[in-house]
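S.K.: The chain contents come next:
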Amino acid sequence: MLFEDPVFASRMLTLLTLTFHIIYATIGVGVPLMIMIAQWIGIRKNDMHYILMARRWARGFVVTVAVGVVTGTIIGLQLSLLWPNFMELAGNIIALPLFMEVFAFFFEAIFLGIYVYTWDRFDDQRKHFLLLIPVALGATASAFFITVVNSFMNAPAGFDFVDGQLVHANPIAAMFTAAMPTKVSHVIVTAYMASAFLLAAIAAFKLWKGSSHEYHKKSLYLMMKVGFIFSVAAALIGDFSGKYVAEYQPEKLAAFEWHFETEEGAPLLLYGALDEENQETKYAIHIPFALSILAHGNPMAEVTGLNEFPQEETPPLVVHYFFDTMVTIGVFMMALSFIYWFGIKLGWSFVRASWYRLLIVIGGPLTFLAIEAGWWTAEVGRQPWILRGIMTVDQAATSSDYVGWMFILFLILYIVLGAGTVFVLRRIFKNNPIEKDLEKYNKGGDPA
Amino acid sequence: MMLELIGISVLWLFLFGYIIVGSIDYGAGFFNAYSIITGKEHILSKIIQRYLSPVWEVTNVFFVFFFVGIVGFFPQTAYYFGTVFLVPGSIALILLGVRGAYYAFETYGSRGHKGYAFMYGLSGLLFPASLSIVLTISEGGFVYIEEGNPKLDYQALFASPLTWAIVVLSIIAVLYISAVFLTWYANKTGDQTATALFRKYALIWAIPLILTASGIVYELSSHNPPHYERIFNLWWMFAISLILWIVTVWLIWHKKRYDVAVWLMIFQFAFAFFGYGAAHYPYLLYPYLTINEGFTNQAMAISLIVAFILGLSLLLPSLYLIFKLFLFNEDYVRGRKEKE
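Which chain is which? The protein sequence lines are W and L, in order. The working numbering applies: residue 1 is where the first sequence begins, and numbers increase by one. The working numbering applies: residue 1001 is where the second sequence begins, and numbers increase by one.
Rather than coming from a laboratory, the hints here were simulated on the basis of the structure. Just so it is clear, the structure is predicted and the values come from calculations on it, not from any experiment. Any given hint could turn out to be false.
Only pairs whose alpha carbons sit at most 25 Å apart, straight line, appear in this in silico DMTMM-like list of lysine to aspartate or glutamate [to be verified]:
| # | chain 1 | residue 1 | chain 2 | residue 2 |
| --- | --- | --- | --- | --- |
| 1 | L | Lys1040 | L | Asp1191 |
| 2 | L | Lys1151 | W | Glu379 |
| 3 | W | Lys282 | W | Glu214 |
| 4 | L | Lys1151 | W | Glu4 |
| 5 | W | Lys45 | W | Glu439 |
| 6 | W | Lys430 | W | Asp401 |
| 7 | W | Lys345 | W | Glu214 |
| 8 | L | Lys1151 | W | Glu263 |
| 9 | W | Lys225 | W | Glu439 |
| 10 | W | Lys440 | W | Asp47 |
| 11 | W | Lys127 | W | Asp47 |
| 12 | W | Lys209 | W | Glu379 |
| 13 | L | Lys1324 | W | Glu439 |
| 14 | L | Lys1151 | W | Asp401 |
| 15 | W | Lys243 | W | Asp124 |
A few chain L residues that face chain W, going by a derived Cβ cut-off under 7 Å, partial list only [as the list claims (entries may be wrong)]:
| # | residue |
| --- | --- |
| 16 | Asn1060 |
| 17 | Ala1101 |
| 18 | Phe1105 |
| 19 | Pro1161 |
For each residue, glycine too, the CB sits at the ideal point set by N, CA and C.
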């Protein structure tokens, strides 16, 4: 039968659910901030285009939230269903941030409901803006708490093992692990970045299709600016993350970089293909000293190689491709948005050209690919551990025989949910183009 | 000892909250679908949509709160229930997925779509039924330990009348709770036709509700005698519950004070639910796991309770706000627009 090994099947099902959920979760964390920014600018400039922008984004956002809530509930329960031994142990140490995440989510859910259903009840847009603050705060807080849990899995802390028994549990120390600052900030900032580039891609798509409405131009310019700022932040924090990994999880960094021998002045490998048996890389671009700089901020620093670690504790080498994908897309989007911003300011005509807009359109999905690649880098790079240094995934998985079947069921569900989201979102915006919304708004009606 | 009791009480309270708000939600989804299919859509849908739209997400969080909380307070439940609950749990999750998605697709995509509404109503009814299996499992007799791992005996589970009695009860309870609530809500909107229809549904489901509930107690007498005995010792709680049920039905029958009826209905379920929970004490999974064995360490318990109090102080005002704006707002309920 398919996936006879429950451990492998559990890994695949978790991978499937998280990969799907992360798309919606990223939108869920980032878009509320963008709605808030648009609403704020609309109030400041007294420009209804931005107010409508907030309104239209929110309308699409609720559809993704609905699916995000569902997939989030699924992964929440699947943790216990697929990894019962892990949750039993982790429940003792890391339940606190999980619990707080639910409160953050509660808070967000309440105010999102109020925000969406009170559009026509407030004349004063500033009141309506106030409702967005708890939504954005709640969204970011839930990302914060859930990433705290993930950080703990990478760098367990806050307890001692004495004779196989867990003692001295300290829930607060378990939250503030070494991995926490870089991980949490990278996740939050890249979610903002990805959401901005997604909304920019939608605006660019409209312009590319031939619309020349002011609304889309404003939306594109605003989101490219916001996206650029967050992509710079993402790159900076990414660099700190590299230094963290070098210090605390050197086998992970070595796997990212196919760095086998410990050496000083280590080069960085870009792209390439690996011949696993001979540990030889082909077609790779070598950047001298760059890995030492990335890892320790010093071109001559020593970087530990993979050969220093026992074979059964080294991560799969495929993570190199994920890592390169993430970094390449990140740098590409940073450059694309920077050139666009300057281009508009200085009046360069090519940034308004059709081909440049097409690049921005492609940039939206690409950024989400980078988010996925980043998660695969971090999570596959943690193999074989579920709790680094403490519990392997083999020890954590369920002993149930039916995981393979569940994988098929969930795969079908996600295909339906994914296709449904695209279908419904397209319908909503096809039936309500901005021109129609503006007309309704000008007549004093509710543009819903 | 104190902390365990606080922990389980908090969780039981939230599970109860979920059962009430969830039932209203699931039943409403079913009535919505039923009304569309039978062509009574014009009577019911508007009222249901107006109530459901702003609160469905909040309802879902009650559920998440419960299962995150139980793993937090009683980590060993993850080990026992996680392993045996894989298949029923996954099916419940898929139903939840179908339901959530079709809700979004119907509400924000194409209102009144028959297929969406049907899927939404059906999955909403089956979801609590599939979850209620966990109550059967916790009664013991369906889980055995093999090579040190708990396993679920599917054959015994599906052959047991107790399983089906609990499943049927959960479906009937959903329809009854929802109908009583919606009778009151429809009456508030001033819509007499809808009120009459929901009142009819409430009365239809009242009798089967009590029959199945008594049936379960009877089943327990042979399936889990110690539990039955503890239920018997707490007979007064179930007696109060029965009286409250009688008064509720009487009020609805005589079309009097629907608001009081809703509260009595809530307390009726509260007495039955807490009576059942107290009788189940001290077992989480009979006979393998008790509350005392499965409890988390002292430090985590205290920090969870602190987080819970802080969380509630944020949550209660927000919940009050959403109720004030939607449920108890005359203008919103009656579908009038209001400018503030």
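S.K.: Run through the hints listed earlier and report the numbers of any the structure violates, in increasing order.
M.R.: Violated hints: 2, 3, 6, 8, 9, 12, 13, 15 and 19; rest satisfied.
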